[in-house]
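J.: What follows is each chain in one-letter form.
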Amino acid sequence: MPLTNSLRDDILAAVPSLRAFAISLSGNADRADDLVQETLLRALANIDSFQPGSNLPAWLFTILRNLFRSDYRKRRREVEDAEGNYAKTLKTQPSQNAHLEFEEFRSALDKLPQDQREALILVGASGFSYEDAASICGCAVGTIKSRVNRARSKLAALLYVDGAEDFGPDETVRAVIGGSGG
Amino acid sequence: MKDLKQASKSTTPGKGGLTPEIQSRIGHQLRAMYDDVVRQGVPDRFAELIKKLDAPGGSPNENGAGGSNDNTGRD
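Taken in sequence, the protein lines are chains A and B. With the numbering used here, the residue at position 16 of the first sequence is 16, and numbering never jumps. For the numbering used here, count along the second sequence from 1 and bump the result up by 1000.
Source of the hints: derived by calculation from the structure; they are not laboratory data. Check the hints yourself; a few may be wrong.
Restraint-style ranges between C-beta atoms, simulated for each label pair [claimed, not checked]:
1) 71/A - 1048/B: 34 to 44 angstroms
2) 30/A - 1020/B: 31 to 41 angstroms
3) 1020/B - 42/A: 35 to 45 angstroms
4) 1020/B - 8/A: 22 to 32 angstroms
5) 146/A - 1021/B: 17 to 27 angstroms
6) 1027/B - 142/A: 16 to 26 angstroms
7) 3/A - 1020/B: 25 to 35 angstroms
8) 1024/B - 6/A: 16 to 26 angstroms
9) 114/A - 1040/B: 22 to 32 angstroms
10) 38/A - 1020/B: 22 to 32 angstroms
11) 115/A - 1024/B: 20 to 30 angstroms
Treat the numbers as computed from the prediction; the structure is a model and nothing was measured. A virtual CB, placed ideally from N, CA and C, is assigned to each residue, including glycine.
Please put together the full structure from these sequences, using the hints given.
T.: See below:
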């Protein structure tokens, strides 16, 4: 369909969640914004292929996800500055405890296989249905469900389960997180 | 995933062998991380990008602002 004003508004309205998705996937704010920009350009260039009345956010997320994956294959994730870089994007600096907890969560998320991480983010944070997430990732609904479950299990093992010392933070950090309640 | 059997230190395990408590904690942290970015809204660079592309004949590689269209009422 042509780029109407209302479609343009809808695309703009999707930008905040596209950014959140991109940062969650890449762990790098600058790269995430480049991804979002590339996604918008692609979307607008291919706007004719968007079916009016279909799910615009899902369509945009699909573009971003595919861009991220093709980019990912080309160059390995730049893990080194991910956390510091992300922290700069926060509007308010979190308190020390919250910051530790956040960093630990972020780093556990980064340890998930990419398939599981994207499934968990789409369903658990973006709020897509399993069906939409499956369509975004180009796989079966059952596959998404099992990826989400495995992602949750692995995060739990990394973050909360005794005996995960090999992956987890040291005792001090865990004590802080355990004590900070919820 | 075998480690998960040890996860049942409180209440009953839910889906995927996780306790409801741990599930909700993961969900909470995930959304906190995500929503923090969502709350930042639309950065100017994207608002401008879409505005430019919306202009007649505009494209990001041209000076999208006015385009070369005559019927915009400009002299």
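J.: Run every hint past the structure and note whether it holds.
T.: Hint check results:
In this structure the hint that residue 71/A and residue 1048/B lie 34 to 44 angstroms apart at CB is violated, the actual value being about 24 angstroms. Between residue 30/A and residue 1020/B the CB atoms are about 37 angstroms apart, so this pair conforms to the stated range of 31 to 41 angstroms. The beta-carbon spacing between residue 1020/B and residue 42/A, approximately 40 angstroms, falls within the hinted interval of 35 to 45 angstroms. For residue 1020/B paired with residue 8/A, a C-beta distance near 42 angstroms fails the hint of 22 to 32 angstroms.
Between residue 146/A and residue 1021/B the beta carbon distance is about 22 angstroms. The supplied range of 17 to 27 angstroms therefore holds. At about 21 angstroms, the CB distance of residue 1027/B to residue 142/A agrees with the hint of 16 to 26 angstroms. The hinted range of 25 to 35 angstroms is not satisfied by residue 3/A and residue 1020/B, whose Cβ atoms lie roughly 45 angstroms apart. Taking the beta carbon of each, residue 1024/B and residue 6/A are about 37 angstroms apart, not inside 16 to 26 angstroms as hinted.
Distance hint check: the CB atoms of residue 114/A and residue 1040/B are about 24 angstroms apart, consistent with the given range 22 to 32 angstroms. For residue 38/A and residue 1020/B, the hinted distance range of 22 to 32 angstroms is not satisfied, since their beta carbons lie about 39 angstroms from each other. For residue 115/A and residue 1024/B, the Cβ-Cβ distance of about 23 angstroms falls inside the hinted range of 20 to 30 angstroms, so the restraint holds.
This entry does not satisfy hints 1, 4, 7, 8, 10, going by the numbered hints stated previously.
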